[in-house]
Structures are given as structure tokens and as C-alpha cells.
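Quick mapping for you: the protein sequence lines, in order, are chains A and B. If you're matching positions, the first sequence starts at 19 in our numbering and goes up one per residue. If you're matching positions, the second sequence starts at 19 in our numbering and goes up one per residue.
Everything labelled a hint here was simulated from the structure, so no lab data went into it. Be aware that one or more of the hints could be misleading.
Just so you know, same-sequence chains aren't split out, so a pair can sit in one copy or run between any two.
Said to hold, decoys possible - Taking lysine-lysine and the DSS-like style, the derived pairs with C-alpha atoms no more than 27 Å apart in a straight line are: (1) K274 <-> K301; (2) K179 <-> K153; (3) K179 <-> K298; (4) K198 <-> K360; (5) K149 <-> K42; (6) K329 <-> K42; (7) K360 <-> K329; (8) K179 <-> K42; (9) K301 <-> K360; (10) K298 <-> K153; (11) K42 <-> K355; (12) K355 <-> K301; (13) K355 <-> K329; (14) K179 <-> K198; (15) K301 <-> K149; (16) K42 <-> K361; (17) K153 <-> K355.
For clarity, every value in this text was computed on a predicted model and none was experimentally measured.
Protein chains: 2
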Amino acid sequence: MSNYALILAGGSGTRFWPLSRNAKPKQLLDLFGSGTMLRQAVNRISGLVPSENIFILTNHLQEAEVRRQIAELPAENIVAEPARRDTAPAVALGIGLIAARDPQANMIIIPSDSLILDDEAFRALANEALKLAAKEAALMTIGIRPTWACPSYGYIERAGKFSAEGLTHDCYEVVRFREKPDSETAARYLASGNFTWNAGMFIWNVAHVRRQLAAHAPELADFINRLTESEHPNSFITENFPTLTPISIDFALMEKADRVLNFEATFDWDDVGSWISVGKYLKTDTEQNAANTPLNALSSGNNIIFSDSGKRVALVGVDNLIVVDTGDALLVAHRDKADDIKKIVSQLPDELV
Amino acid sequence: MSNYALILAGGSGTRFWPLSRNAKPKQLLDLFGSGTMLRQAVNRISGLVPSENIFILTNHLQEAEVRRQIAELPAENIVAEPARRDTAPAVALGIGLIAARDPQANMIIIPSDSLILDDEAFRALANEALKLAAKEAALMTIGIRPTWACPSYGYIERAGKFSAEGLTHDCYEVVRFREKPDSETAARYLASGNFTWNAGMFIWNVAHVRRQLAAHAPELADFINRLTESEHPNSFITENFPTLTPISIDFALMEKADRVLNFEATFDWDDVGSWISVGKYLKTDTEQNAANTPLNALSSGNNIIFSDSGKRVALVGVDNLIVVDTGDALLVAHRDKADDIKKIVSQLPDELV
Numbered sequence: 019m020s021n022y023a024l025i026l027a028g029g030s031g032t033r034f035w036p037l038s039r040n041a042k043p044k045q046l047l048d049l050f051g052s053g054t055m056l057r058q059a060v061n062r063i064s065g066l067v068p069s070e071n072i073f074i075l076t077n078h079l080q081e082a083e084v085r086r087q088i089a090e091l092p093a094e095n096i097v098a099e100p101a102r103r104d105t106a107p108a109v110a111l112g113i114g115l116i117a118a119r120d121p122q123a124n125m126i127i128i129p130s131d132s133l134i135l136d137d138e139a140f141r142a143l144a145n146e147a148l149k150l151a152a153k154e155a156a157l158m159t160i161g162i163r164p165t166w167a168c169p170s171y172g173y174i175e176r177a178g179k180f181s182a183e184g185l186t187h188d189c190y191e192v193v194r195f196r197e198k199p200d201s202e203t204a205a206r207y208l209a210s211g212n213f214t215w216n217a218g219m220f221i222w223n224v225a226h227v228r229r230q231l232a233a234h235a236p237e238l239a240d241f242i243n244r245l246t247e248s249e250h251p252n253s254f255i256t257e258n259f260p261t262l263t264p265i266s267i268d269f270a271l272m273e274k275a276d277r278v279l280n281f282e283a284t285f286d287w288d289d290v291g292s293w294i295s296v297g298k299y300l301k302t303d304t305e306q307n308a309a310n311t312p313l314n315a316l317s318s319g320n321n322i323i324f325s326d327s328g329k330r331v332a333l334v335g336v337d338n339l340i341v342v343d344t345g346d347a348l349l350v351a352h353r354d355k356a357d358d359i360k361k362i363v364s365q366l367p368d369e370l371v
Numbered sequence: 019m020s021n022y023a024l025i026l027a028g029g030s031g032t033r034f035w036p037l038s039r040n041a042k043p044k045q046l047l048d049l050f051g052s053g054t055m056l057r058q059a060v061n062r063i064s065g066l067v068p069s070e071n072i073f074i075l076t077n078h079l080q081e082a083e084v085r086r087q088i089a090e091l092p093a094e095n096i097v098a099e100p101a102r103r104d105t106a107p108a109v110a111l112g113i114g115l116i117a118a119r120d121p122q123a124n125m126i127i128i129p130s131d132s133l134i135l136d137d138e139a140f141r142a143l144a145n146e147a148l149k150l151a152a153k154e155a156a157l158m159t160i161g162i163r164p165t166w167a168c169p170s171y172g173y174i175e176r177a178g179k180f181s182a183e184g185l186t187h188d189c190y191e192v193v194r195f196r197e198k199p200d201s202e203t204a205a206r207y208l209a210s211g212n213f214t215w216n217a218g219m220f221i222w223n224v225a226h227v228r229r230q231l232a233a234h235a236p237e238l239a240d241f242i243n244r245l246t247e248s249e250h251p252n253s254f255i256t257e258n259f260p261t262l263t264p265i266s267i268d269f270a271l272m273e274k275a276d277r278v279l280n281f282e283a284t285f286d287w288d289d290v291g292s293w294i295s296v297g298k299y300l301k302t303d304t305e306q307n308a309a310n311t312p313l314n315a316l317s318s319g320n321n322i323i324f325s326d327s328g329k330r331v332a333l334v335g336v337d338n339l340i341v342v343d344t345g346d347a348l349l350v351a352h353r354d355k356a357d358d359i360k361k362i363v364s365q366l367p368d369e370l371v
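Make the full structure from the sequences, and use the hints.
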């Protein structure tokens, strides 16, 4: 039984502009001075899965940078989606690529754009989930115990504890998947103790997930079947991937699947959704000014400062700012307006996006 | 009768950090995209005084940059003060240099760090003052009609109007020089109508000012006498200039002089004392954001933005900021705290000052 990993790295977004650009989104940035998040994801998976069994899905805009950053993978393991089609088609593509290598593989899917510091704890849990996938007819997820009533994550509702011989991590039967709730509902989820955040991490046996797709998402099952049988898989992907219905894997499969389990993460996790999240991991002074660069602050607090050149920054009498400096653009935003950065980006000339 | 000009360009300061540095203070910066203030001062004087009659006083730290910017002057007309000794010694040095060329010269002294846009009006007034200096036994100044009760300028108190044949500009007899007043006193000066701002511009005949110095500031008169007689003026300056008492020309001479006249400026004038002053001359959007660089502002107003690279700047939800970006340092300050920039500068490593 061999283990495979699929890293989803085709995400895009504008919340880290001006550091992020279309061709270099969050997962390809070194936000913490410890390598890009994609680099960290690959390192996290290595040691669990051999390099030749790690696949990365990206897109044409980002492909060159992904190949540059992750040069140690076999070239054919980095695959650019020919069109943007949400997570279900991407997951199906990854299943097809892995099934073509080993129809009995166990595989783990992780996003490339969340921050996990405790790689050892991640690998211990993932390893146990992969072993369980080999013998248990279930789709497995990893959930994050909520620390606040966040309305911008999906939630997984769970019921009784699942137990199996040798299982050392907490694992639960899943009742259903819940979309992003309103704040009140999120508060109720938090209070109940029966919900975890959906971190977009999946573990399953390839043969089992293909049977589940055949039952619940036949378009995707058919795509995988034809991909594994194709003599020219690259042309097949180019021609057929764009025809798939854009839908999330939660909707297409997880909510309908016969049996889903939810491991509770024993490691830290942060989806790093904005510069405010980045600030939590930067060096911070006594006035809660977080910076990745030498900082002199006078009568200033609660600021987040990032410069990709490492230049000196001086603050005088300013609070609650996000300051991001790059070679060709500089952002100064109020912390409370971080969500509006995308509005600015929509006004910019193409060469700055 | 020949006309000479002395441009005082040895000033220093930290209010324009990070753009300004010890070796590149305000007068050597291109703040308005129209050349440095020293460049503009030289251009303003040219057409009034031939190039070979223009002298610039600087200091050793700034000398190389001054020579680079003003390459058209004879090399010997740019002189570095061997020590910092306030304005009276600097003025005496300039008088000595000019007197050595022409003991009967008429000369105008101007600072290099104030902004004047209407060069034609300046030259018309200066030309008339130089003509008057040739025949009238008086020291002449140019005063700026106050527009507000500014407590950080010196004031010149004047009495009755001076008239002479052919004089087309308003000119007054000076009663006395007043140091920087407190705010109440400044308000009284403004209300009286008898005060002008002292802009540090002087016009006189060299022989006349030397007689006045002999009477009121003999140390300086003696320095000038010996400089004009020296066979090795450079060595003489190096040895003797540092021994002069540091004192302002207002104290040393103007307040004691037998007769001082005050021309009222018919041109605009701004001493550009801070980034806030610079903001008045930059391109401004409908929300009063002033910038020298392409700007996208969202829910942001009353900001001053300067980047020496011309990079794009984006503002989101911020007001009343001063943002100054250079290759190796970035300042973000509240407008009301512009005076505290110097406190930050005192904490910085030498290579950034």
C-alpha cells in the first residue's frame, strides 16, 4: 500500500496585495521569513510521502513560479489546471493522476496556503489517517477545533466518537458539512462543541473514493476513469478538465458520501486570511507593532509592517495601520479596512496586479 | 559697478528624513519634481548676476553633491565652510570672497532652501535693490508680508516708507529686527501691519557693509580684511574661519546697523519647513491627498505621499498621514506629529542619517 499526497496550490486572491500578484498569490509568498507556504507544505508532506508521490496542482499563471520553488519534484508531478473550476474538479484531477500510478493508493489532500508550525504533530495524525484509510471504508477529514465563532470558515458537524484498534488520535463520525455560517450560527456551533473548522484536508483510499464518486458525482468519476485509461493524459486534461462543472468538493462529494470521519487536529493551524493574521507571526515590540523589518516606532502601536526589501521603517504617532512595501507599490491601510484592499486592486493597472 | 550673488547652502536638518540625509539636506532635494531648491535658487539668480559672479557656500559633507548639481559655476565659486559657525561668519566669508574680486561690488545674499515660484518678480525686485545699494548708504533686506501669525519666523519691524527716484517697489525704513515671537506677540505683529517675515535675503554694497561691520562687528570686518589680502585664501579660511564667534547676521550686524531698508516682496515665498509644506505643492486629489507619485486612495483624505522611486501608493481608510518612501527607509507619521520626526532620526544607525 503506497501513500500519495496532493497539494492544492492554484488559489488566487488579492488580500496580500501589493506583495501578492496574480502570478504570485499567498501560497507562493515568504510571509514569515521561513520559506513560502507552498515550500512549507511540501516540507511538511515530505517524510510522510516520498517526493515522487507528491503532486502539486497549480494553474498556468503560477506554474513557472511553483516549478522554480519546488524544483525537487519530478516535473510531471506539477500539473497546471487548464481552467479554474473550483475544488471538486481539482480533487478529481488529483485522484486521477494518482490512480493512474497506483489504483490502490492511499492519499492525503492538503491546501498549500494554511500555516502549520508543528509539522511533527501534523505528520503523526496524517500517518494514522492514511493507515485508517487503507482499511476503513470512509472518507476522512481533519478538523480544527474552533477558538472563536468565525463566520468565514466552513464547519463540520460531528456526532459520536469513532474508535478503532491502535487509533491514538481523536476521531469522530461526521453528521454533515455546514457552509460559512452567519455570526449567530457560528456562535452556536462554537458553544455546542460538536463542530470543527473545515481545513480542506482529506485522506482516503483512491479505490474507495472513486466508488463514492461513482455513486454521488458520476461526472467526476467518469473523468477519472477516462484519465486513468488515456494514452495522452496531458491532452486529455487540456480537453476535458475545462468541461467539468465548477463545484466545491464539499458540495459534490463530502455532503453526500456514505461515511465521513473527522480527525481533530492536534497541531496549530492558521489560514492566514489577511495581513492581520500575518502580524501574529512577525516580531512584535512592546506596543504591539509587528514587523518583518527593522522598526523605529514613536507613539505608535498595533501596526503591521511588511517590506519585501527589509528596509528600515519609522512610525511616528500612528496606530492600527497595515503598511506593505514592495519594489513597485506601497500600501497603507487601516487594520479595520483590510477587507477593502481588494477594492483598490480592482482599480490598478494590470502590471501591478 | 558689478553685481554678485551669495547663495547660502550649508543648512542641515532632519525634518525631511528619510528623503533628506546629512549629506543631502532640504536644499539638495527635488521635492517638487522641478529640480532641487538649490538648482532653482541658482536659476533664479542667473539672469540677474552672471554665473562667474555667483558664489555658493556649503560645507564639506554636502560639497560633492553641490558641485554635482551646480556644475556650471567656476569651481572656485563653490566654497565649503570648514566648520559650522551660524550665519554671520558665513556672510562675512561671502563678503570677503566677493570683495577680493571687486571691492566696489553690489551683492545679494539669498538662502537656498526657500521656495519662490515667480522668479521674474524676484529678479525685478532684486535688480532694483541692487541698483539702490549702489547709491544709498543702507543695508537692504527683503521682507515677506505675513499671512498668519507664525511663531517660527523672525520678524522685521518697519516704520515710514522709503522713497527714491525711480523706485517702483515698496520699501520701508526698518525700526528693528525681532526674534521668533510667541504666538500672542506674532498675532500682534500680524495685526499691526508694520512687520514682515525675515526671509534671510540681504542686498548691499560691499564697501558699505564692510564699513558697517568695522563699526559693529569688528571681528568679522577684520576677518574680511585679512581674507582679501591673503595670498592663500583657502588656507586662510581653513585656519581662521573656525575661530569666528558663532552668531547670526541679524544679531551681529542687522540689529546694530545704522540704516536698514526693507523691501516688501512682490513674489510668493515658502520656507518649506516640513512635509506639510511640501504637500501644498504636490498634485492633490478631491480628498486632499497630495502625492508626487501615482495614488489610489479609498476612504482616505488629507494625506501627504512622497516616494523617491515614483512607485504606486495605495491608501485604504487612512487620514492625516505623512508617508515618505526611499530605497532604504520608509516613514509613516501622523501630520500632527511631523515635528517628532527628528526624535526618530536621533535613534537611527548612522548609515540612515
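A quick look at each hint next to the structure:
1. K274 <-> K301: This pair counts as neither: shortest intra-copy Cα distance 44 Å, inter-copy 59 Å.
2. K179 <-> K153: within (18 Å within a copy, 106 Å between copies)
3. K179 <-> K298: Neither. Shortest intra-copy (33 Å) and inter-copy (68 Å) distances fail the 27 Å Cα cut-off.
4. K198 <-> K360: within (20 Å within a copy, 49 Å between copies)
5. K149 <-> K42: neither (35 Å within a copy, 67 Å between copies)
6. K329 <-> K42: both (21 Å within a copy, 19 Å between copies)
7. K360 <-> K329: both (25 Å within a copy, 19 Å between copies)
8. K179 <-> K42: The answer is neither: 41 Å in one copy and 70 Å across copies each exceed 27 Å.
9. K301 <-> K360: both (26 Å within a copy, 25 Å between copies)
10. K298 <-> K153: Answer is neither; intra-copy 40 Å and inter-copy 74 Å both fail.
11. K42 <-> K355: Only inside one copy: K42 and K355 sit 23 Å apart there, 37 Å across copies, limit 27 Å.
12. K355 <-> K301: Close inside one copy (22 Å) and across copies (25 Å); limit 27 Å.
13. K355 <-> K329: both (25 Å within a copy, 22 Å between copies)
14. K179 <-> K198: So K179 and K198 pass the 27 Å test inside one copy only (24 Å; across, 80 Å).
15. K301 <-> K149: neither (39 Å within a copy, 65 Å between copies)
16. K42 <-> K361: within (19 Å within a copy, 38 Å between copies)
17. K153 <-> K355: Neither. Shortest intra-copy (49 Å) and inter-copy (67 Å) distances fail the 27 Å Cα cut-off.
Hints 1, 3, 5, 8, 10, 15 and 17 from the list above are not met by this structure, while the remaining hints are.
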